[in-house]
Amino acid sequence: MQTLRDVIDHHAEARPDAPFLIAPEPGVTITYRALRATCRALGEFFDQRGVAPGEVVSFMLPNGVSAATLFLGTMYAGRVVSPLNLIAQDALLGHVLAHSDTRIVFAAPDGVDRLERLLAKVPSVVSVRSTDPDDAGFGEAEAAPAVPISMEKPALLMYTSGTTGVPKGALLTHANLLHAGDAVVTGHRLTATDRVLSSLPLYHVNGQCIATVSPLLAGGSIVMPHRFSVSQWWSLVERYRPTWLNMVPTIVSYLLNGPQLTAEQAASCRHIRFGRSASAPLPPAQHRAFEARFGVSIIEAMGLTECASVAFANPLDAAKRKYGSVGLPLGVEARIASVDGKVLDRGQRGEIQLRGANVMLGYYKAPELTAKTLSKDGWLATGDLGYCDDEGFYFVTGRLKELIIKGGENIAPREIDEALLQHPAVLEAAAVGIADPHYGQEIAACIVL
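Quick note on numbering: the sequence shown equals residues 0 to 448 in numbering that gives the first Met the number 0.
Treat each hint with caution, since some may be false.
Claimed, not checked - Below, in silico cross-link-like pairs of lysine-lysine (BS3-like), each with a Cα-Cα straight-line distance of 27 Å or less:
hint: 1; residue 1: K400; residue 2: K341
hint: 2; residue 1: K364; residue 2: K400
hint: 3; residue 1: K364; residue 2: K120
Worth flagging that the hints you see were computed from the coordinates, not collected in a lab.
Please work from the sequences and hints to get the whole structure.
What follows is the structure in structure tokens.
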């Protein structure tokens, strides 16, 4: 299987009536047969409206049936999908709409006016389609698409702000996505019997590649609520019996500070093989506390938009994991390099660099930035600082552009964040540098209690 179309076609034939997507709020279950039929109908919709293969299609929707089918269906139809961040400010959203060359945007009814206002400043003609988040209304189609697609063709245009402020469009191919998804399937030993509970948004690469593409490759299923709710999380676990949880540290923190589990909810946790935490550092104290309280072991992992959210993960075997580490390379080669490009030995701190089949083609319409980020021999400069220990485990210590320089001393904000998060009353923490007339920078911290 070389493209996402191949994967969907395979499962629609092999397990047509098996569930793929479970949307709790409307109480809708999408089978693999229905997924393919909707993807084919979406392709016909694009054909009728003159959206050609290879052109960009966007959506600005909360999680649900429409977002999931648009995400997969656009790529199935040979178009390039570019999800839009629901919480992006107007300036950033306007930049993405103009830069992406999108042809059509699907949006929830309450977002249409805003998009039309922003698109009035875009020189190209872009149509906006009001879309029910729980029913896109495309119907189903049986005819296979006439236009073939290649594994090396772009499939996903994902904008990421990073530390530059201006969103960059990472262009990922079908091959990138399948390689990343396969690495997760292999590393976490996912099968068709596995089911993930994930509330991470489909405008985030984790929600796309880890929570959607990986279960798709395995032939498994996804429970996808509209959004995260600490009061509903364990009820969803009890009702749908997921075998793994897809989380970020903020979810871990809120669950630790949430209500006690009922006896039935606690019993349903026995079906969970593991929880996965990525997208930000998981403080070791919270990691241990979650495992002790809920009896669910957590795999800490790390990925980037530029490599389809897959780079490192701790082993599935709990005895082999390391608290505070993002784990071992997953589906990629990894190394530590100095600022001047010298490859460093284990134990030495420098920039984490990656190379693999899941690394992006480059940044859309940004050849100079691509050349600065991707070396000629395929190494991706992540901008993350860290080191590799003697057993091959990687540790992230900060970001190159986030270092606080106080009186000539380099201070990693992450170390301060982790110290603050050890206090049970602190839900979130972020240390930053602020201007100081004597030291150049002083340390300030923002916390959520």
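Results of checking the hints against the structure:
1. K400 with K341: Satisfied, since the Cα-Cα distance of roughly 19 Å is no more than 27 Å.
2. K364 with K400: The hint holds at about 23 Å.
3. K364 with K120: Within the cut-off at roughly 20 Å; holds.
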